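2 protein chains.
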Amino acid sequence: MEGARDIVELTTDVLDVGAISASVTHPTTGATALFVGTTRDNFEDKEVVRLEYEAYEGMARKQLGALCSELREKWVELHSIAIHHRLGVVAVTQASVVIAISSPHRRDALQAVEHCIDRLKAIAPIWKKEVYSEGEGQWKANKECTWAPTPPQGLSKWTLS
Amino acid sequence: MEGARDIVELTTDVLDVGAISASVTHPTTGATALFVGTTRDNFEDKEVVRLEYEAYEGMARKQLGALCSELREKWVELHSIAIHHRLGVVAVTQASVVIAISSPHRRDALQAVEHCIDRLKAIAPIWKKEVYSEGEGQWKANKECTWAPTPPQGLSKWTLS
Chain E
1 MEGARDIVEL TTDVLDVGAI SASVTHPTTG ATALFVGTTR DNFEDKEVVR LEYEAYEGMA
61 RKQLGALCSE LREKWVELHS IAIHHRLGVV AVTQASVVIA ISSPHRRDAL QAVEHCIDRL
121 KAIAPIWKKE VYSEGEGQWK ANKECTWAPT PPQGLSKWTL S
Chain F
1 MEGARDIVEL TTDVLDVGAI SASVTHPTTG ATALFVGTTR DNFEDKEVVR LEYEAYEGMA
61 RKQLGALCSE LREKWVELHS IAIHHRLGVV AVTQASVVIA ISSPHRRDAL QAVEHCIDRL
121 KAIAPIWKKE VYSEGEGQWK ANKECTWAPT PPQGLSKWTL S
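If you're matching them up, the sequences are chains E and F in order. The numbers in my numbering rise by one with no breaks, and the one at position 115 of the first sequence is 115. The numbers in my numbering rise by one with no breaks, and the one at position 133 of the second sequence is 133.
I should point out that these hints are in silico values taken from the structure, not numbers from a laboratory. Values in this document were obtained by computation on a predicted structure and should not be read as measured data. Some hints here could point you the wrong way.
[Unchecked claim] Computed cross-link-like contacts, DSSO-like style, restricted to lysine-lysine with a CA-CA straight-line distance of at most 27 angstroms:
1. E:K121 with E:K74
2. F:K62 with E:K74
3. E:K46 with E:K129
4. E:K121 with F:K74
5. F:K129 with F:K62
6. F:K74 with F:K129
[Claimed, not checked] Derived coverage of chain F by chain E (criterion: at least 3 residues anywhere in the stretch with Cβ under 8 angstroms from a Cβ of chain E; other residues may be distant):
7. 12 to 24
8. 32 to 43
9. 113 to 124
Even glycine gets a Cβ: it sits at the ideal position worked out from N, Cα and C.
Based on the sequences and whatever the hints tell you, model everything.
This is the structure we're talking about:
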């Protein structure tokens, strides 16, 4: 499709929702759906100060690239797909993940975004550490993860993002 | 809910997706879902140069406010809701509508955004004129509209947005 792109980015920079939305919009698209995941100030009644993310970067890029292909098989009318995940420290209210998907008509983009964030949580080797206001943080694996990869060396407890 | 807002804006200004996303994000929310409707360069094989929108502004604000209440009844965990619709000329690739909804967890925000754009198309008295590269544009009513309001005086053919 003319001008269609799959964009996968892992970065320690602040994620720019407006720029990411614009990056998938094209003269042939009428709809862009987005999901923005942000750091919450609480988790199971504990006060969260910030999150920290780490990834197996090579594997994460490969799996997110494969996820783009999976989306295109399910929704053939998609135009462009952008998946940006932040690494390192992400303060409360800041975005850790931004997904933007465009299509000529809205149903495809809306459904694909929901599937994309569900699958990202299940497959991407990206871990998060919740840092609480009291006591040590805890690295752990995402409860939605279906394959529980081993955490990077030196980190004992992880959560997949 | 602390800091929760319903924001409804009708404006001739360019819509800022990043600012609208940030306007609904709060320390207690982990998810923001957005829908961005943009002007496409074609409609039924005709080349579209731009769209023009007009609204019964008072009625549109009232109905979009009621739509926010409807969303809150269906998804009680929603935090903030922003519905911005542009009026006047909207060039190809520019946004005519931006919806952003936040919630602690993602499913509520994602489902509410899809319902919101479906309902906006069905109920809001906002018309669009497609201006083609050849010949006159045509004001007309949205094919999804369930109540087909009379167009403003002086405009003969309309489409609800």
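Here is how each hint holds up against the structure:
1. For the hint linking K121 (chain E) to K74 (chain E), the alpha-carbon distance of about 18 angstroms falls within 27 angstroms, and the restraint holds.
2. Note on K62 (chain F) and K74 (chain E): the hinted pairing is violated, with a Cα-Cα distance of about 38 angstroms set against a maximum of 27 angstroms.
3. For a cut-off of 27 angstroms, the pair hint linking K46 (chain E) to K129 (chain E) stands: about 13 angstroms separates their Cα positions.
4. The hinted pair formed by K121 (chain E) and K74 (chain F) meets the criterion: a straight-line CA distance of about 25 angstroms does not exceed 27 angstroms.
5. Proximity of K129 (chain F) to K62 (chain F) is assessed by CA-CA distance (about 23 angstroms); at most 27 angstroms being required, the pair is judged to hold.
6. Taken as a hint, the K74 (chain F) and K129 (chain F) pair is broken in the structure, with Cα atoms around 33 angstroms apart against an allowance of 27 angstroms.
7. Only residues whose beta carbon comes within less than 8 angstroms of a beta carbon in chain E count, and the segment 12 to 24 of chain F has 6; three or more means the coverage holds.
8. Under a criterion of three residues with beta carbons nearer than 8 angstroms to beta carbons of chain E, the stated coverage of the segment 32 to 43 of chain F is upheld, 11 such residues being counted.
9. Counting residues of the segment 113 to 124 of chain F whose beta carbon lies closer than 8 angstroms to any beta carbon of chain E gives 3, which reaches the threshold of three, so the coverage claim holds.
Going through the hint list in order, the structure does not satisfy hints 2 and 6.
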